[in-house]
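Line order of the protein sequences matches chains R and X.
Heads up: the first sequence begins at 722 in the working numbering, then just goes up one per residue.
Heads up: the second sequence begins at 90 in the working numbering, then just goes up one per residue.
A couple of the hints might just be wrong.
Unchecked claim - A partial selection of chain X residues facing chain R, derived with a Cβ cut-off under 10 Å:
#1 Leu157
#2 Tyr161
#3 Thr212
#4 Ile225
#5 Leu302
#6 Arg306
What the hints assert, rightly or not - Derived CB-CB ranges, DEER-like:
#7 R:Pro769 x X:Gln244: 35 to 43 Å
#8 X:Leu124 x R:Gln848: 22 to 30 Å
#9 R:Gly811 x X:Arg138: 44 to 52 Å
If you're looking for bench data, these hints aren't it; they were derived computationally from the structure.
Every residue, glycine too, gets a C-beta built ideally from N, C-alpha and C.
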Amino acid sequence: MPDTSMPPAVAPPVLEIRGLTKSFGTNIVLDGVSMQVGKGQTVCLLGPSGSGKSTLLRCVNWLEPPDQGRILLSGKLMGFRDGGVVPMNGMELARARSRIGMVFQHFNLWPHLTVLQNLIEAPIHVQGRQRDEVIGEAEVLLDRVGLADKKNAFPAHLSGGQKQRVGIARALAMRPELLLFDEPTSALDPELVGEVVAVMKILAEEGSTMLVVTHEMGFAREAADEVVLLDLGRVVEIARPTEFFTKPKTERARQFLQRYVHA
Amino acid sequence: MIREFAIVWANSGQLLNGLLNTAGLAVLGMILSVLLGSLLAVLLMARSRPVSLSAQAFVDLFRCVPFLLLAYLVYFGLPSLGLNFDNWTSGLVAIVFYNTAYMAEILRGVWRGLPRDGIEAATAFGFQGWRLFLRIILPQVFLIAAPMMGNQMIQIIKDTAFLSIIAVPELTHVASGIQSQYYVPFAAFLAAVLLYWMICSLVEAGVFAVERLARERR
Ligand SMILES: Nc1ncnc2c1ncn2[C@@H]1O[C@H](COP(=O)(O)OP(=O)(O)O)[C@@H](O)[C@H]1O
Ligand SMILES: [Mg+2]
Numbered sequence: 722m723p724d725t726s727m728p729p730a731v732a733p734p735v736l737e738i739r740g741l742t743k744s745f746g747t748n749i750v751l752d753g754v755s756m757q758v759g760k761g762q763t764v765c766l767l768g769p770s771g772s773g774k775s776t777l778l779r780c781v782n783w784l785e786p787p788d789q790g791r792i793l794l795s796g797k798l799m800g801f802r803d804g805g806v807v808p809m810n811g812m813e814l815a816r817a818r819s820r821i822g823m824v825f826q827h828f829n830l831w832p833h834l835t836v837l838q839n840l841i842e843a844p845i846h847v848q849g850r851q852r853d854e855v856i857g858e859a860e861v862l863l864d865r866v867g868l869a870d871k872k873n874a875f876p877a878h879l880s881g882g883q884k885q886r887v888g889i890a891r892a893l894a895m896r897p898e899l900l901l902f903d904e905p906t907s908a909l910d911p912e913l914v915g916e917v918v919a920v921m922k923i924l925a926e927e928g929s930t931m932l933v934v935t936h937e938m939g940f941a942r943e944a945a946d947e948v949v950l951l952d953l954g955r956v957v958e959i960a961r962p963t964e965f966f967t968k969p970k971t972e973r974a975r976q977f978l979q980r981y982v983h984a
Numbered sequence: 090m091i092r093e094f095a096i097v098w099a100n101s102g103q104l105l106n107g108l109l110n111t112a113g114l115a116v117l118g119m120i121l122s123v124l125l126g127s128l129l130a131v132l133l134m135a136r137s138r139p140v141s142l143s144a145q146a147f148v149d150l151f152r153c154v155p156f157l158l159l160a161y162l163v164y165f166g167l168p169s170l171g172l173n174f175d176n177w178t179s180g181l182v183a184i185v186f187y188n189t190a191y192m193a194e195i196l197r198g199v200w201r202g203l204p205r206d207g208i209e210a211a212t213a214f215g216f217q218g219w220r221l222f223l224r225i226i227l228p229q230v231f232l233i234a235a236p237m238m239g240n241q242m243i244q245i246i247k248d249t250a251f252l253s254i255i256a257v258p259e260l261t262h263v264a265s266g267i268q269s270q271y272y273v274p275f276a277a278f279l280a281a282v283l284l285y286w287m288i289c290s291l292v293e294a295g296v297f298a299v300e301r302l303a304r305e306r307r
C-alpha cells in the first residue's frame, strides 16, 4: 500500500500566471490576472471582445512583455533569467518561446513555404532538430489533421479550415509543452468551423495542454477542463464548464452567457 | 551594306568579348548590389533612428548622383585617396555603389508592406534576428520584389554602357571601337543593340520564372 498520508509530489502546472498587468498607454488591458493550466488540461479563456484575451496569450510568450506579474512555464520563469531580475535577451526569449506552440485567428502561415515546409521550418531552424526525423514527424501530423495529400501545396491554395489545420499541425511540430489558441475558428466560414474544432477536441482528449481563447461555446462545454471568464482585464470567474454553463456564480458571467450562448 | 556587316562579322570575336564584359559586370554588379542592398535595407529598417537616418542619407546621396559622374569619381577621383582600381574594377565599384542604394530602397518598400502576420508567427515560434530576416522576411520580400529587381537589372545592363568613357571594354565600347576603325557605324551599333536586346530578354525570362513562383504562393 502506498503511503497516502503524505501529499504526492506535485509537478508545477505547465502554465502559471500570477498577477499579470499590462497597459497600453492609459488603457489598462490586463489588471492583475492569475490563473493556471495543469499538465494535460484544456482551459478555455472566454470573454467579450476587447476584454484582453489576445493580450493575455501574447504576454504568455512575451510577444507583449507584461508590465508586472510572473509567467511560469513548468515552474520556469518566462522573460527573465534565473533569479527573476535580468530580462532575457533575444536569443533566450526565442528559445523559451519555442517551447510554446501558438495557433492564430488568421492562421499566419508562411506564404513562401509549402505546407510541409511550414511544419518543419521552426523545428529545424529554431530547435535545431534532425531534418529527417522532423519530416517524418510532420508527415504523421499532417496525416492526423487530414492533410497528408496537401503537403506540397502552398497555403494560398487551401481553404480556411485547411489553413487552420496546418496552423495546428505547425504548432504541434514544435513538440510544445503548451499550446495557445487565439480564436482559431473566428475567421472561418461557419461550415468550416467543425473540421477545426474536431481536431482540437482530439488534441484535448489526447492530453495536450491547451489554453484556448474561443467563442465556440460547444467546444468549451465539451472539451474544457476549466473555463476562465475575463472581463475588462480581470478574471471574473474560474469554473468547471458544467458549473459555468449551468449555474454561473457571478452576475457578470450570467450576462456573458446571455449574450454569447442564449443569443 | 553587306560589306559593313561582313566587317562586323569578321570582328565578332571582339564583340563577343564586349558582350561577356557587359554581362559579367551586370551579373556581378547585380549579385553584389542585392547582397549589399539587403544589408542596407536592414539598416534602413533599423529601430535606431541614427542608424536608419544614416542609411537613408546614403541612399538619397547615391540616388541623386548621375551614374556617369559616379563612374568618373571612382576612376579618376579615388586614386587621390590612394585607391587605385583598374578600369573594369572601377566600373564594377560604381555599379555596385549606385545600385545598392536603389536595391535597398526597393527591398525596404516591399518589406514595409509585408503582412505582419507571418513575422509575428515566426517570432512566436522562436525566430529572431538574422534567422528571422534570412528565412522568413527576405524570401517573401524577394518574391514580391522580383519584377522591380528585374527592371533594375536591365537598368544595370544599360548603365554599363556609360563605362565606355572610362575605357572599360564592354559592348558599347567595343562597338564604338569597331565603327571608328572601319567606319561602319550602322552595322556596328546595330549589332550591339541586338546583343543588348538579347541579354535583356534573358533577364525578362528570369523575372518571368520568378513571377511564376510568386504567383503559386499568392
Ligand atoms: N498593441 C496594442 N496597442 C495598443 N492597444 C492595444 C494593443 N493590443 C491590444 N490593445 C488594446 O487592448 C484591449 C484588449 O485587446 P485584446 O487583448 O485584443 O482583446 P480581446 O482579444 O479580448 O478582444 C483593446 O482595448 C485593444 O484596443
Ligand atoms: Mg482577440
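Cross-check of the supplied hints:
At a threshold of 10 Å, the smallest CB-CB gap from Leu157 of chain X to chain R is about 38 Å, leaving the interface hint violated. The interface hint given for Tyr161 of chain X is broken, as the beta carbon of that residue sits about 41 Å from the closest beta carbon of chain R, more than 10 Å. At about 6 Å, the closest approach between the beta carbon of Thr212 of chain X and any beta carbon in chain R falls short of 10 Å, and the interface hint on this residue holds. Hint status for Ile225 of chain X relative to chain R: holds, with the closest Cβ pair at about 6 Å, below 10 Å.
Annotation: interface hint on Leu302 of chain X holds; nearest CB of chain R at approximately 9 Å, less than 10 Å. Because the beta carbon of Arg306 of chain X sits about 5 Å from the nearest beta carbon in chain R, less than 10 Å, this interface hint is met. The supplied range of 35 to 43 Å is broken by Pro769 of chain R and Gln244 of chain X, whose beta-carbon atoms lie about 55 Å from each other. With their beta carbons about 28 Å apart, Leu124 of chain X and Gln848 of chain R fall inside the hinted range of 22 to 30 Å.
Between Gly811 of chain R and Arg138 of chain X the C-beta distance comes to about 20 Å, which lies outside the given range of 44 to 52 Å.
Taken one by one, the earlier hints fail for this structure at numbers 1, 2, 7 and 9, listed in ascending order.
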